[in-house]
Amino acid sequence: MQSDIDGYTGEVGYAEYFHRGTAPAWLHFVASGLGRSAPDPSRPYRWCELGCGPGLGAALLAAANPHASFHAVDFNPEHISVGRSWACSAGLSNLSFQQSSFSDLAQMAAGQSEPYDYIVLTGVYAWVSPANQQAIRTFIQRFLAPGGLVYLSYPCFPGMAEMVPVRNLLYEYAQAAQGSASQRAATALAQVRALGHAGAAHLAKYPDLLKALDQLDGRDPAYLLHDLLSEHWQVQHVGQVVRGWESSSCCWLGSAQPADNIDAIALPAQTEVLLADLSVPALRESAKAFASNQTLRHDIYQQVARAARLTSSAHRQALLRQRLHALPMPHDQATDDRAVAAIAQPYFHPVRQALARGAIGYEQCAASSAYAADPGKLNAAFQLLVGSGVAHPLLELAPDPRPAQSLNLALCQAALKGRPIQWLAAPALGSALNTSLAQMAAWMALHEKGSVSATAPIADRAWKAWRRFSATLPVHPTALFTDALANFESEVLPIWLRLGVVSDQRP
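One point on numbering: in our numbering, the residue at position 395 of the sequence shown is 461, and numbering is uninterrupted.
What the hints contain is simulated information worked out from the structure, not anything from laboratory work.
Just so it is clear, the structure is predicted and the values come from calculations on it, not from any experiment.
Be aware that a few hints might be false.
What follows is a set of in silico ranges between Cβ atoms, one per label pair, in the way DEER data are often shown [stated by the list, open to error]:
id, residue 1, residue 2, range
1, L349, E77, 10 to 20 Å
2, D466, D343, 48 to 58 Å
3, S147, H298, 19 to 29 Å
4, R375, E338, 15 to 25 Å
5, P181, L341, 33 to 43 Å
6, D570, H397, 39 to 49 Å
7, A335, A522, 51 to 61 Å
8, G157, V230, 23 to 33 Å
9, D549, N234, 18 to 28 Å
10, V406, L341, 51 to 61 Å
11, K443, E77, 32 to 42 Å
Ideal Cβ placement from N, Cα and C applies to all residues, glycine included.
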């Protein structure tokens, strides 16, 4: 691993993770719901991730969207190497990696890169210095295509305010500790937890913080090191972020979390009227964050040159083209509890019953007796179904599934060998599905020829498939696998087949 750069660790690699908001299909769907245009994810486009980590997210999206071009950037050479290995494992010719600092990116000559239709960042904006934040904005100002979208997630005030002194103390303990970066992080966590359990007043006032610290004990220290212990880590003021991006020719469009865009769900009821007339984005978003005690932002920005709203007719046509497909369990870990609660209401029963049968279309739902009286309300309903994790937008044109299936085979094999991977590429969605180790093992049992009887229970076959990849296994997890795979062949696998996650060419 390379040494730290600008106070950000290079000694320990970041976790392999996928963020659903980075998928163009997701961003296009949310933008359409807001009445804004966005590059069509069913057609060729260019996508770039700044601070890509080990590149798993970029690989999943490149495999699920072979018709598009993907480029991932990180300063850590080990991250770049891991990302390239994923691309190589599936022969992803549409995915490239670049080892670079943000300052070097900002100084690239104009002809060194074509403009990108989508540029995404997850968390890193709050972990780097103000100078690097400016470098990020400069790069995006120069290389975001007209009408292109930016996804930016970051911790924000006021909801993260109580975390600031905890993080600062963790940082000071880590600075004073001895050993490797991981050892220093573990020491810092142990010291702060000890203070909390001894009755430290701040953690006594916020007991959920102490519970969160306890849950980190024994976990990979990469989360602490990357998400909390960089030198320049800082909770962001929403208004300052919005104004900073406006100065770089990007206007705030909305949130990639659909529930955040629906005031009736995002805000306490009596605050809505007080915010209704706020038209300045920096002020309105700051006030909304304050009213909802927001902790994490999922902002979407758009290049100003083509940031006009859709006409009423164009917006209606964009909505009528929308189609959703049901998702199997487990749902994405980033599922929005507000959306989950909202779709439990009776209004959603007919559309959820239709969704249970597979795909649904906005036009067909709007014409049904349940929604014909007010089809416009379906816009929010579709957004909340997606935000809840029970559904995902479908691409208008499903791409070639073979790159995704090649990567998914490599992902399953890696997961069964012990890597904490929880996603598979889904080309019909242009994104990735959350999955479980048991489901991956079940698929490998069905996919590979072996000595396991085809008539044996799927849990037994999955466990034996897992055993073929790992020499060190816990005791036979019969009950765990039996529960996890109760509906795999009847419900999960059919969805995987329809979405192109796997093929039906089993031995």
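Here is how each hint holds up against the structure:
1. L349 to E77: 10 to 20 Å: 41 Å, violated
2. D466 to D343: 48 to 58 Å: 49 Å, holds
3. S147 to H298: 19 to 29 Å: With Cβ atoms ~25 Å apart, the hint holds.
4. R375 to E338: 15 to 25 Å: 22 Å, holds
5. P181 to L341: 33 to 43 Å: 35 Å, holds
6. D570 to H397: 39 to 49 Å: 24 Å, violated
7. A335 to A522: 51 to 61 Å: About 55 Å separates the Cβ atoms of A335 and A522, which means 51 to 61 Å holds.
8. G157 to V230: 23 to 33 Å: Roughly 46 Å apart at Cβ, these two residues miss the hinted range, so it is violated.
9. D549 to N234: 18 to 28 Å: 42 Å, violated
10. V406 to L341: 51 to 61 Å: 24 Å, violated
11. K443 to E77: 32 to 42 Å: Taking Cβ atoms as reference, K443 and E77 lie about 52 Å apart, which means the hint is violated.
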